[in-house]
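Chemist: If you want the building blocks of each chain, they are given just below.
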Amino acid sequence: MNIKSEHNADKEQVLASSATNVFFELSEPATEGLKDLLSKLEPLLAGGRLSRIVDIASVAADVVDMSDAYMVEKLANVFEEVTAAAWMTGNAARVAGDRVGELKDPPSLMALLRMSSEPDVRRGIAFALSFAGALGRQLNHGIADHCED
Amino acid sequence: MNDYRTVRRRGELSNETLKFSAYLIQPGIVMAHRIIIVGGGIGGTMTANHMVTKLYPEIRSGKVEIIMISNSPWHYYKPAFMYVAFDSFFKNELRRPQRSLLRPEIDFYVEEVEEFQYDRSKLKCRSGKYFEYDQLVISTGCIPCPERIEGLKQGGDHFYQHEPARLLADKLKKIEKGRILVTVTFPKTPNVPHQCGIAPIETTLMLDDLLRKRGVREKIEIVYTYPTVSQLLRNCLFLQKDTCEVLPTIFEQRGILHKRAFTLNGVDHENKIAYSEEGNSEDFDILMATPPIRAVEAVRNSGLSQAADGEGWLPTNYQTMKVYGLDNVYVLGDTVDLPVSKAGGSCHSQSPVVVNNIASEFRFGRTCDSYEGKVVAIAQMGLEAGMPLWYDYENDVKPTPPTKIGGLMRKGFNRGIYWAVAKGLI
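For the record, the sequence lines run as chains V and R. Okay, so the first sequence: first residue is 1 according to our numbering, each after it adds one. Okay, so the second sequence: first residue is 150 according to our numbering, each after it adds one.
Incorrect hints may have been included.
[Unchecked claim] In the DSBU-like style, the derived pairs of lysine-lysine whose C-alpha atoms are separated by at most 30 Å in a straight line are:
{"no.": "1", "chain 1": "R", "residue 1": "K547", "chain 2": "V", "residue 2": "K40"}
{"no.": "2", "chain 1": "R", "residue 1": "K421", "chain 2": "R", "residue 2": "K553"}
{"no.": "3", "chain 1": "R", "residue 1": "K227", "chain 2": "R", "residue 2": "K390"}
{"no.": "4", "chain 1": "V", "residue 1": "K74", "chain 2": "R", "residue 2": "K362"}
{"no.": "5", "chain 1": "R", "residue 1": "K421", "chain 2": "V", "residue 2": "K74"}
{"no.": "6", "chain 1": "R", "residue 1": "K212", "chain 2": "V", "residue 2": "K104"}
{"no.": "7", "chain 1": "R", "residue 1": "K408", "chain 2": "R", "residue 2": "K421"}
{"no.": "8", "chain 1": "R", "residue 1": "K553", "chain 2": "V", "residue 2": "K74"}
{"no.": "9", "chain 1": "V", "residue 1": "K74", "chain 2": "R", "residue 2": "K240"}
{"no.": "10", "chain 1": "R", "residue 1": "K337", "chain 2": "R", "residue 2": "K302"}
{"no.": "11", "chain 1": "R", "residue 1": "K322", "chain 2": "V", "residue 2": "K74"}
{"no.": "12", "chain 1": "V", "residue 1": "K40", "chain 2": "R", "residue 2": "K302"}
{"no.": "13", "chain 1": "R", "residue 1": "K320", "chain 2": "V", "residue 2": "K74"}
{"no.": "14", "chain 1": "R", "residue 1": "K337", "chain 2": "R", "residue 2": "K421"}
{"no.": "15", "chain 1": "V", "residue 1": "K35", "chain 2": "R", "residue 2": "K547"}
[To be verified] If you anchor each label on the Cβ, the simulated ranges turn out as follows:
{"no.": "16", "chain 1": "R", "residue 1": "N429", "chain 2": "V", "residue 2": "D62", "range": "45 to 55 Å"}
{"no.": "17", "chain 1": "V", "residue 1": "A134", "chain 2": "R", "residue 2": "F239", "range": "16 to 26 Å"}
{"no.": "18", "chain 1": "V", "residue 1": "L135", "chain 2": "R", "residue 2": "E401", "range": "55 to 65 Å"}
{"no.": "19", "chain 1": "V", "residue 1": "N140", "chain 2": "R", "residue 2": "Y205", "range": "20 to 30 Å"}
{"no.": "20", "chain 1": "V", "residue 1": "E42", "chain 2": "R", "residue 2": "V395", "range": "35 to 45 Å"}
{"no.": "21", "chain 1": "R", "residue 1": "G404", "chain 2": "V", "residue 2": "H141", "range": "23 to 33 Å"}
{"no.": "22", "chain 1": "R", "residue 1": "V395", "chain 2": "V", "residue 2": "A30", "range": "12 to 22 Å"}
{"no.": "23", "chain 1": "V", "residue 1": "V78", "chain 2": "R", "residue 2": "H418", "range": "40 to 50 Å"}
{"no.": "24", "chain 1": "R", "residue 1": "T398", "chain 2": "V", "residue 2": "E42", "range": "32 to 42 Å"}
{"no.": "25", "chain 1": "R", "residue 1": "T549", "chain 2": "V", "residue 2": "R99", "range": "31 to 41 Å"}
{"no.": "26", "chain 1": "R", "residue 1": "G327", "chain 2": "V", "residue 2": "R122", "range": "57 to 67 Å"}
Treat the hints as calculated values from the structure; they're not laboratory data. We put the beta carbon where it would ideally sit given N, CA and C, even for glycine.
Bound conformation, chain R alone (with noise of 0.2 Å):
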């Protein structure tokens, strides 16, 4: 019975794979094709599921087999440490367990991928085991580096991790008056942006209520800078033409200044000072900053990166999702070189393309989808209104009003559409 049903044997995986699906499936006659996606993340999770439910009958008849690997067993929802600087999240509010989020068929493992060794399609984790794949997906994120800036780490906050996030909203629920000084960063890799390429403004806003709700805005000064290059324009305030045009007008009705061509290059964090690249300085008593980012360590190690200055990003073809020289390999979400925001809105439209390249590779030897560079997200415009937004390679965001249905549209999905979409069922 069930003689066509088998899981390949290879290394220390197989036994373990073999758990699982102990009644369904015959051990050792056919090689099963496997998938291994690498990152617990939004990206990884949607695929990992999407990817199920498009191979369900392979994979129901053993000839696929779905793995991830994170290194965490928890599921962080990113974007909420944005709102823990601003004391509307709880840790256990913004997190799940990984397994909790995906479907029964895949098998989850928590390891921490050491290296990729590409050409013997295989993983090297920290733990010892190795896992080889027929095909892979990388979706290992970005993580945040202060400490590519001198001082910057010790005179500057940020809100991309939640440690420094509460750090962060300790302080600004503390400051009484004074300057907040806000700073983007871009990858130095050309035309890649920095990550989720709305946020510092919407922190901006978010901070302006938050210091009105506390009744001291009037003594304290926000100044929004912005970078010389962010990709591809110069001296704006936003990465994009339509937005940065709007933004002068927001920002002074809310009475928040705003510098263009402040590139930061380094802090002095005890005179709290910071300097640009331009040659100005600006005094602070809090920085928040949008500080550097790199690939994760055993990606920028794989030797692939064409990425300046370390950076790591993956050559990525930006149709096809696949890295460029490997034929087995895709990526999405943060790791990419790609012109599209480091952002949970783009892995949304990634995803789906990878897993359909993915499935049609494996039914017709070729791969059909393609990337528009489209990417969906709500913005946090302020601490009550969102401003829906969307735009791909050829448009750009539409600026339009933010409403008060907007930024309830934004808390529903951080509160519980995002988990829906994590589990690939939105």
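The shape of chain V in the complex, shown without the other chains (with noise of 0.2 Å):
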């Protein structure tokens, strides 16, 4: 055995001994637990790619670290805003559905009529006339040259 596969030997031999004084210093059901674990990565550990894994974990390790009750706050407001718009809009879309299913001739002008008198469907029809104006707010940003350099 020459020195440098001794001085390998060495060092394995220390890193088994470490090891082994780490799972003695675990409980019994910890240790099992460790070693179930490294059965499980072994061949991400043979395959070179539990590095990976590793990098994964730090990119996630990363987004809470930068996270803050101010993002969180925005990201919230954003989900809220999104349910919202998708709830009213299946509400609105279901009990419209089971109407208009219930019907069996479509209704004609002058009961078209009739129903805009009800409230509710009179502030529906602002709503959508309303939004039809937000959006237009939105696109209202004149002509802009793209091109331009």
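Put the complex together from the two separate chains, hints included.
Modeler: Set out below in structure tokens:
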């Protein structure tokens, strides 16, 4: 055995001994758990791909470190707005679908006019028109020269 | 057309009910089964929305109608009052119009229920209106009553309502030195907890963080006290044993003094001294109290409660969530006399049981679901950290180390997810 291989053998022995020490310090269920985990990680270690998992964990840790209450507040507001819009639209579609589904024949023009006398229907129409107005305001950005350099 | 779709005409309500579904329903032929939910807090709101989903075929065909009655047009996210005391929430951020949180199939009325006439399945409102019901769900919450301890209203502060929380916030912002005393008062009814079991710990840790942030912590002493009797435990620091055992270490790490066996029974607001039933006294500059609580007046006056000291908790079947002695009345949330936390995390698990049982009774004539005492929440452990927790009738909370991820989860819940929960989406 040459000096280099002797040195490696020593190193392996130290590593094995410190690993054993770690296991000795842990309770039996924890040791069994670690062994189980290592056996599951073995294919990743053998394929040299464990570093990818470590990278993902590192990115996740970065995201948590970078996140703060202000960021969460903005994200949560977006979540609320999106779910509220989807919920309201879904509710309206469900109720309207049921209502129309019950009709044997399409309503006459007079019946449609009668419908519009209902305050909630008029409120809905007002919403649709206001929605169009707000959409239009966002589109009212004038003509820009996007080719300008 | 649609002659099977009808609404029962009852009292002053029938015409109002017809307004919403004027095109869906031909009035006056068959009687709809009416379910009324009283209380527009988180328990009532998620129950009403969930009920629509569960009983949708019957609602669609006019066999069932769902009505919600609340005394406010606003829905408040009550746990956020705690954050108001720490300047972390504005009023518009913690409330939404109640109607905007309800499915359109629910008829919503802003009325103050004055009297529950259980023998006639009827509700009398302060406006003089009457509502009849086939099944009733009571989710009227509880109200803080600092006036029930002498001097507490004048000398103490709390964070369980918006205005008191604002007043407390102003004091916490200004205090430069002195002593902040934390007290907790349990209901007199045996084995019933105070409002939101973890709140006193949450706010004590938030207080510590806030004062450190302000750079005045070393000049201010924080003293956390707990009463001798806390549900089934004696001389502890929390109402569950496992959590109680880890608390001294957490408090010592932060330099928070903690004292057991301090059952607040009087406050000398002029000299700023709090007295306990055990014969001790504590000085304070700010008294941050978890005050006594009671059920709302109409529930207290309904004659059903067996709770001590007129507290008004309704006798609740711990499995079906029905009120004992009334076959068509359910109760959930803070109004129950169960040993589980009076918090939204309890309502979240009780509500599906109530909804399933009501649907099952309507369809099969019997209940089908059972509440297991489950409570789920994320505790705010200081201004930044959070600790997810859950427990039930059989198992206590297993405390885990608070983390930043837990804190972010709680903040995400406060700001957005809560409203989805109220709508019955989560």
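Chemist: All hints, please: hold or fail.
Modeler: Against the structure, the hints:
no.	hint	result
1	R:K547 / V:K40	holds (28 Å)
2	R:K421 / R:K553	violated (37 Å)
3	R:K227 / R:K390	holds (27 Å)
4	V:K74 / R:K362	holds (23 Å)
5	R:K421 / V:K74	violated (42 Å)
6	R:K212 / V:K104	holds (21 Å)
7	R:K408 / R:K421	holds (18 Å)
8	R:K553 / V:K74	holds (17 Å)
9	V:K74 / R:K240	holds (17 Å)
10	R:K337 / R:K302	holds (18 Å)
11	R:K322 / V:K74	holds (25 Å)
12	V:K40 / R:K302	violated (61 Å)
13	R:K320 / V:K74	holds (29 Å)
14	R:K337 / R:K421	holds (25 Å)
15	V:K35 / R:K547	holds (26 Å)
16	R:N429 / V:D62: 45 to 55 Å	holds (50 Å)
17	V:A134 / R:F239: 16 to 26 Å	holds (24 Å)
18	V:L135 / R:E401: 55 to 65 Å	holds (59 Å)
19	V:N140 / R:Y205: 20 to 30 Å	violated (42 Å)
20	V:E42 / R:V395: 35 to 45 Å	holds (37 Å)
21	R:G404 / V:H141: 23 to 33 Å	violated (57 Å)
22	R:V395 / V:A30: 12 to 22 Å	holds (20 Å)
23	V:V78 / R:H418: 40 to 50 Å	holds (46 Å)
24	R:T398 / V:E42: 32 to 42 Å	holds (38 Å)
25	R:T549 / V:R99: 31 to 41 Å	violated (50 Å)
26	R:G327 / V:R122: 57 to 67 Å	holds (59 Å)
Hints 2, 5, 12, 19, 21, 25, counting from the list given before, are not met by this structure.
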